[in-house]
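Here is how the chains run, residue by residue.
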Amino acid sequence: MSVCRSLFAAALAGTFALTVSPATSQTLRYANQGDLKSLDPYSLNESTTHAHLGHVYQGLTARDKNLKIIPALAESWETPEPTRWRFHLRKGVKFHNGDPFTADDVVFSADRVRNKNSNMQTRLAPDVKVVKVDDYTVDFILPSPNPILHNSWDVWYIMDKKWAEENKAIEPTPVSATSPSYASLNENGTGPFTIESHQPGVKTVFKANPNYWGKMEGNLKEIVFTPIASDATRVAALLSGEVDVIEPVPVQDIARVDGSPNAQVLKAPELRTIFIGFDQTRDELLYSNIKGKNPFKDARVREAFYKAIDIELIKTRVMRGLSTPSALMIAPELFPLSKEFTRPKLDPDGAKKLLTEAGYPDGFEVTMDCPNDRYVNDAAICQAVVGMLARVGIKINLLAQPKAQYFAKVLKQGGYQTSFYMLGWTPSTMDSHNVLYDIMGCRSDPKSSRGEANLGGYCNKEFDAITDKVLVETDTAKRNQLIKQAYEISIKDWAYIPLHQQALAWGVSKKVNLPQRADNLVMFHWATKQE
Amino acid sequence: MSDAVASDSGKQSAPPAHAGRSRLSRALDSDIFYSFRRSKLTMVAAAITVLFFLLAIFASALAVQNPFDPAQLQLMNSRISPLWTADGQSPFLLGTDEQGRDVFSAILYGMRISLAVGVAGVIFAGALGIALGLIAGYFGGAVDGVIMRIADVQLTFPAILIALLVNGIAKSILGNRLDANSMLVVLVISIGLSFWVGYARTVRGSVMVEKNKDYVAAAQLIGLPAPKIMLRHVLPNTMGPILVIATINLALAIITEATLSFLGVGLPDTMPSLGTLIRIGNNYLFAGEWWIVAFPGLALAGLILSINLLGDWLRDALNPKLR
Amino acid sequence: MLAFTLRRAVQAIGVMFAVGIIAFSMFRFAGDPVNQIVSIDTPAAEREAVRKSLGLDDPVPVQFVRYFGDAAQFKFGVSYQFRQPVSALLMERMPATLELAICATVFAMVLGILMGVYSALRRDTVLAKLFQAVSLIGISLPTFLIGILLIYLFAVTLGWLPSFGRGDVVKLGWWTTGLLTLSGLKALIMPSITLGLFQMTLIMRLVRAEMLEVLRTDYIRFARARGLTTRAIHFGHALKNTLIPVITVAGLQFGSVIAFSIITETVFQWPGMGLLFVQAVQNVDIPIMAAYLLMVSLIFVTINLVVDILYTVVDPRLRATVGRAT
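Chains as they are written, first to last, in the numbering used here: chain A, 204 to 734; chain B, 382 to 704; chain C, 298 to 623.
You may find that some hints are simply not true.
Unchecked claim - The calculated lysine-lysine pairs, modelled on DSS-like cross-linking and capped at a C-alpha distance of 25 Å, are:
| no. | chain 1 | residue 1 | chain 2 | residue 2 |
| --- | --- | --- | --- | --- |
| 1 | A | K410 | A | K294 |
| 2 | A | K332 | A | K606 |
| 3 | A | K371 | C | K349 |
| 4 | C | K349 | A | K319 |
| 5 | A | K406 | A | K714 |
| 6 | A | K335 | A | K319 |
| 7 | A | K555 | A | K598 |
| 8 | A | K664 | A | K615 |
| 9 | C | K468 | B | K421 |
| 10 | C | K468 | A | K424 |
| 11 | A | K371 | A | K556 |
| 12 | A | K410 | C | K468 |
| 13 | A | K714 | A | K424 |
| 14 | C | K483 | A | K406 |
| 15 | A | K606 | A | K494 |
| 16 | A | K681 | A | K271 |
| 17 | A | K518 | A | K555 |
| 18 | A | K410 | A | K424 |
| 19 | A | K406 | C | K468 |
| 20 | A | K615 | C | K483 |
| 21 | A | K271 | A | K319 |
| 22 | C | K426 | A | K371 |
| 23 | A | K664 | A | K695 |
| 24 | A | K542 | A | K268 |
| 25 | A | K332 | A | K294 |
| 26 | A | K650 | C | K468 |
| 27 | A | K556 | A | K615 |
| 28 | C | K349 | A | K606 |
| 29 | A | K598 | A | K500 |
| 30 | A | K672 | A | K410 |
The set of hints was computed from the structure by calculation and includes no laboratory data.
Take the sequences, apply the hints, and build the full model.
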């Protein structure tokens with residue numbers, strides 16, 4: 204959920220115009236554990252949905268195979284002033300129904316994505332003015348500079364104004380609708396595929412768009428998507444050749460898939476950081492046997508917890524080698540200075556000593572909240588953590604729940620009802636500011652959205668001041684130094700326990716060649732399949 | 382599968398069958414032990430059932446570790462194969478799972494939970510069903526109508542749906558603070574509420590037959606209170622079929638618990654029952670770590686099979702017509 | 298007769314009303330649907346707006362009346378996950394579930410009756426003992442374990458049968474069927490066996506018990522005494538008498554077969570109502586959960602009602618009593 208990264212990048216093919224000439228066109232069958240729900244690109248800020256719709260819709264920008272921002276529906280852009288961004292639109296692009304793509308569609312999409320019914324409002328701040336300069340030029344006028352304005356625009360898909368107006372789909376599909384809107388059941392994008400049929404939870408069929416404006420790198424003529432929630436069934440379907448691609452492959456089945464004659468697993472580190480947080484705001488923990496005070500307010504306790512966790516053992520035993528232990532709250536790929544940070548050493552004896560110093564020689568009891576169907580081996584990681592903490596005297600009552608119940612309890616909506624929890628986060632902007640602001644910023648100002656996902660309420664005013672400087676700093680080197688400074692403060696405070704980046708694991712038939720992107724969005728426009 | 386029980390009992394309690402039940406107490410003395418000795422299979426099943434119960438009761442003495450205590454689990458010891466295989470390690474007879482949990486110990490403790498939930502669920506269902514059946518049958522009329530309509534409503538909800546229902550209500554009442562121990566209670570209640578109808582219908586049927594008999598009228602005449610008549614005189618006549626239903630229900634209750642755990646609404650991974658162990662282990666079947674699912678699966682199947690055999694024999698023994 | 302039928306019909310409506318109350322009140326509190334609609338970084342104000350627009354902050358009785366009024370017209374609202382009308386989703390999934398349930402029931406009836414008759418007539422043969430053993434094992438293995446074993450054996454190891462889904466389906470109006478294609482038929486085999494095994498066991502045991510009972514009755518003895526052939530006695534008289542309760546039970550069980558397809562559909566990723574329900578529970582999709590519950594109850598209550606009425610037609614003695622033969 205966290206981060207609904209998505210994608211697109213059919214543009215890539217157009218931009219770099221790779222000259223691959225596929226031998227034959229093919230049907231690819233794909234199974235994911237998650238489903239494709241509404242076809243309205245602003246209904247739901249969820250990664251799987253963004254990935255699927257990225258085959259049919261496109262944003263002004265896209266991200267290439269290495270997540271670099273590249274032109275898509277915008278051919279180029281510049282910032283004549285720090286508060287004004289100018290986008291030059293691609294000419295000759297047509298929506299699937301034949302309507303031409305123009306600046307009006309961008310202005311319309313900017314309004315629509317910020318509509319009250321949209322679940323994607325964070326893509327574009329409400330005080331940004333969007334102005335049509337001519338048919339193929341659009342200006343975005345900002346109240347203050349924002350160097351990462353377009354960072355999450357690869358999944359802000361541009362819609363056809365005329366089509367939306369004709370079909371009464373001007374507003375995003377409201378959640379309270381008593382009948383589905385046209386846009387939630389039909390698509391009209393500019394992308395390399397069209398949707399031929401869509402049965403939620405059963406099957407969605409994509410067909411190659413013969414009138415695509417770019418050149419498709421892959422050779423697929425059809426994608427048949429089936430959601431298969433059960434791990435065992437999904438793996439069985441790949442091994443028996445009933446599907447060509449599955450995502451994800453459970454870590455324990457990777458060896459078997461790799462050992463099979465007809466499929467293999469594509470592995471890479473994912474950008475999501477898995478971490479553990481503490482309630483540091485309440486004067487008494489909600490779920491603990493310590494009454495009258497909050498042990499997590501003492502940095503020594505947080506340090507002790509950090510040092511009691513053997514992340515390497517979790518990597519080898521629980522993750523079967525498929526994780527990258529992390530020293531930071533952001534993936535190394537997303538912050539160039541991350542090499543300068545190392546993880547403190549495992550030290551259970553030191554942890555015990557710290558607990559004694561803090562006044563808990565015999566430890567204490569606390570409940571840990573953990574999802575069990577959200578991240579790779581999430582519940583197993585939590586169980587391992589529980590065991591490790593047990594050996595320094597901390598008794599953890601583990602509450603591992605499906606994400607529906609878990610999020611309902613720990614998020615702001617549920618009143619941050621947690622004392623100790625595990626969460627995963629990928630910044631939707633692919634940038635540190637989102638991490639500093641959303642999960643490490645103070646929650647003290649009720650009117651601000653700062654710290655919205657800071658479930659434990661870590662708060663340091665000095666840290667927040669730096670975060671604010673990061674937002675407006677346009678010099679990359681200076682900005683990175685500021686970010687580094689912020690991370691150093693949070694580490695000194697033992698604010699969180701970053702665990703690891705989990706690994707991507709896509710099961711792919713040996714007949715299929717599929718580039719893998721680190722944000723875990725499975726994109727098929729650059730896939731090829733042999734006879 | 383509550384419906385199976387309901388239809389089963391429905392069949393048994395078809396009107397003509399009630400007449401013979403008063404003879405059951407006599408049958409207990411002779412026929413049962415005769416047929417028990419006669420059937421080797423039943424003796425084996427009884428022995429296995431007793432063995433399983435003993436293993437469960439003395440789990441803490443027999444296990445090499447307490448699988449519910451995280452401090453005793455060493456991640457270093459995870460995924461060790463059974464002792465007799467090449468990579469086996471002492472003392473892990475049946476190997477270990479992902480968390481370094483000894484599979485043999487986990488089965489013992491898991492069996493204890495499965496049996497405890499099953500027995501408690503059956504007792505709860507039996508008490509509820511018998512009470513409601515007695516009341517419905519004895520008083521008849523509107524009371525009977527209401528109770529039997531509730532039974533109808535209940536029948537539209539198979540065990541799985543009931544359990545999801547009770548689970549959801551429990552979660553909202555407990556405000557998301559559902560720990561493993563309260564989950565046990567929730568499971569017992571879910572199972573109890575799924576299986577009471579069989580008892581209620583059987584008891585009600587018997588009561589309706591018995592209450593018009595002379596001895597009940599006589600008891601009423603000498604001024605015995607209604608509850609006393611029902612408990613002392615009417616209820617004993619229904620014990621035979623109730624025992625049969627209870628035995629079969631025990632197996633069904635254990636299956637239900639396992640299924641709930643498989644669907645993820647049962648016991649948590651930190652306090653696994655047999656069903657939870659199978660759910661966890663199932664994820665590792667393709668990975669070649671077959672022992673994590675195979676042994677709990679065998680234990681569960683063996684347990685249910687032997688209880689079912691006992692139930693079968695009991696039914697035949699208590700219903701002389703079928704022998 | 299008419300009065301009885303009417304009374305039963307009124308009772309059935311009452312039952313459905315009670316189910317409605319239970320379904321609604323349970324699912325209203327089972328989870329927070331707002332969290333499913335928005336994403337983790339959605340601001341709280343936006344979440345509050347969503348809550349309001351769904352009417353989740355109205356008094357509970359108001360929500361109930363609104364829900365029930367709609368449900369009576371088969372309007373179950375819009376699925377939180379799919380943003381589509383629940384009734385459309387259910388209609389789309391119903392053919393898959395009904396086809397699976399019917400195949401499982403047919404499988405259970407045919408095999409159950411054959412095995413039951415055989416083991417009643419040839420009680421002491423090895424085969425009869427084997428049937429008994431198979432039936433016990435069938436009843437002792439949890440459904441999900443049977444499904445996983447079948448997949449492991451026939452899909453992964455042997456590669457004979459597909460491990461999931463319905464295969465290719467053919468559209469007949471709004472109905473979709475897998476019965477007309479080879480891949481559809483192959484896909485039906487393992488789920489039908491998994492789902493039907495329990496019912497098969499039940500029917501086999503029932504047939505065996507009924508046959509034994511009937512064979513002991515006086516009229517069979519008279520038939521024997523009259524010198525009728527064994528074959529005529531067994532199949533002309535005994536089996537015929539046995540089949541009435543068997544068909545009744547199978548009919549009554551049909552509702553629970555549909556309900557229990559929840560597990561089978563989950564294991565085989567069968568795109569039916571049960572899978573939809575499980576997905577809905579996982580995603581706290583209240584409209585689907587409530588609608589599913591009402592649908593299954595409706596099917597069950599209808600079957601019960603029909604059986605009750607048929608019973609009174611067949612057996613007038615029962616007209617006076619309130620319930621079924623209980």
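Hint check results:
| no. | hint | result |
| --- | --- | --- |
| 1 | A/K410 x A/K294 | holds, 24 Å |
| 2 | A/K332 x A/K606 | violated, 37 Å |
| 3 | A/K371 x C/K349 | holds, 23 Å |
| 4 | C/K349 x A/K319 | holds, 12 Å |
| 5 | A/K406 x A/K714 | holds, 22 Å |
| 6 | A/K335 x A/K319 | holds, 22 Å |
| 7 | A/K555 x A/K598 | holds, 13 Å |
| 8 | A/K664 x A/K615 | holds, 21 Å |
| 9 | C/K468 x B/K421 | violated, 55 Å |
| 10 | C/K468 x A/K424 | holds, 23 Å |
| 11 | A/K371 x A/K556 | violated, 66 Å |
| 12 | A/K410 x C/K468 | holds, 20 Å |
| 13 | A/K714 x A/K424 | holds, 15 Å |
| 14 | C/K483 x A/K406 | holds, 19 Å |
| 15 | A/K606 x A/K494 | violated, 29 Å |
| 16 | A/K681 x A/K271 | holds, 21 Å |
| 17 | A/K518 x A/K555 | holds, 23 Å |
| 18 | A/K410 x A/K424 | holds, 6 Å |
| 19 | A/K406 x C/K468 | holds, 15 Å |
| 20 | A/K615 x C/K483 | violated, 49 Å |
| 21 | A/K271 x A/K319 | violated, 31 Å |
| 22 | C/K426 x A/K371 | violated, 68 Å |
| 23 | A/K664 x A/K695 | holds, 14 Å |
| 24 | A/K542 x A/K268 | holds, 23 Å |
| 25 | A/K332 x A/K294 | holds, 23 Å |
| 26 | A/K650 x C/K468 | violated, 54 Å |
| 27 | A/K556 x A/K615 | violated, 34 Å |
| 28 | C/K349 x A/K606 | holds, 23 Å |
| 29 | A/K598 x A/K500 | holds, 18 Å |
| 30 | A/K672 x A/K410 | violated, 47 Å |
The structure shown violates the earlier hints numbered 2, 9, 11, 15, 20, 21, 22, 26, 27 and 30.
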